[in-house]
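Quick note, the sequences are listed as chains A and B, same order. Residue numbers for the first sequence, in this note's numbering: 1 to 109. Residue numbers for the second sequence, in this note's numbering: 1 to 117.
No lab work stands behind these hints: they were computed from the structure. Note that CB positions come from ideal geometry on N, CA and C, so glycine has one too. Careful: at least some of the hints might be erroneous.
As the list claims (entries may be wrong) - Only part of the chain A face toward chain B is listed, based on derived beta-carbon distances under 10 Å: (1) Asp-7; (2) Phe-11; (3) Pro-14; (4) Asn-27; (5) Ser-28; (6) Phe-33; (7) Tyr-36; (8) Lys-42; (9) Tyr-70; (10) Leu-74; (11) Leu-87; (12) Ile-98; (13) Phe-99; (14) Lys-101.
Claimed, not checked - Cβ pair distances, simulated, as ranges: (15) A:Asp-39 <-> B:Pro-102: 19 to 27 Å; (16) B:Leu-117 <-> A:Ser-52: 25 to 33 Å; (17) A:Asp-77 <-> B:Glu-14: 29 to 37 Å; (18) B:Arg-84 <-> A:Gly-16: 43 to 51 Å; (19) A:Asn-27 <-> B:Gln-41: 16 to 24 Å; (20) B:Leu-117 <-> A:Arg-76: 29 to 37 Å; (21) B:Thr-105 <-> A:Ser-52: 12 to 20 Å; (22) B:Gln-80 <-> A:Asn-65: 41 to 49 Å.
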Amino acid sequence: RKEVEQDPGPFNVPEGATVAFNCTYSNSASQSFFWYRQDCRKEPKLLMSVYSSGNEDGRFTAQLNRASQYISLLIRDSKLSDSATYLCVVVRSQGNLIFGKGTKLSVKP
Amino acid sequence: GAGVSQTPSNKVTEKGKYVELRCDPISGHTALYWYRQSLGQGPEFLIYFQGTGAADDSGLPNDRFFAVRPEGSVSTLKIQRTERGDSAVYLCASSLTGGGGPTDTQYFGPGTRLTVL
Numbered sequence: 001r002k003e004v005e006q007d008p009g010p011f012n013v014p015e016g017a018t019v020a021f022n023c024t025y026s027n028s029a030s031q032s033f034f035w036y037r038q039d040c041r042k043e044p045k046l047l048m049s050v051y052s053s054g055n056e057d058g059r060f061t062a063q064l065n066r067a068s069q070y071i072s073l074l075i076r077d078s079k080l081s082d083s084a085t086y087l088c089v090v091v092r093s094q095g096n097l098i099f100g101k102g103t104k105l106s107v108k109p
Numbered sequence: 001g002a003g004v005s006q007t008p009s010n011k012v013t014e015k016g017k018y019v020e021l022r023c024d025p026i027s028g029h030t031a032l033y034w035y036r037q038s039l040g041q042g043p044e045f046l047i048y049f050q051g052t053g054a055a056d057d058s059g060l061p062n063d064r065f066f067a068v069r070p071e072g073s074v075s076t077l078k079i080q081r082t083e084r085g086d087s088a089v090y091l092c093a094s095s096l097t098g099g100g101g102p103t104d105t106q107y108f109g110p111g112t113r114l115t116v117l
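Model the full assembly from the supplied sequences, consistent with the hints where possible.
And the structure:
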């Protein structure tokens, strides 16, 4: 079983839609979690950290369920500019990042 | 300020050749990471430096891969006897302190696209 597993995608949604990505991780000792965004042929960039209490940044909401080892990202009111691959990330104890395969989002007009 | 830079941006080599990939981290960042990303996959961890020392090299796939960071700043990833399966984008990231806490953001460079013919 992979250490981080994500919805395979791709997700094709119209502008204004709400879309949710899910991710599970296998190492129950993991302490830190992130969502990164990666545009085509570009480097990954941090979108947001994920906390147990849940956190929101504008149209983006991230949730962590430690008991189920489950992470989610919700995007409300999708924009064309949200089109990208979203990478679920779990941090190992040394600090190196373990990435999921990524879920591709295409927002259409 | 300047971000993480990597050179070259593209490298084409022949099977069996030796290559060096360079990473310049953000000034003042003590932690430096190398990752490799194959097409359609997420980045895969290779090695982590804390200062000059390799704190975790568990991701290096075999002994053809080696990395150094002699002065605690610039790092070089070295691949000997390249194989076609080494073709990927090699990403470097740096963070202020390392350790992976929720505020220790890793900033990625643009990557080096390595193609082994």
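task = Quick one: which hint numbers does this structure break? Sort them smallest to largest.
result = 1, 2, 3, 4, 5, 9, 10, 16, 17, 20
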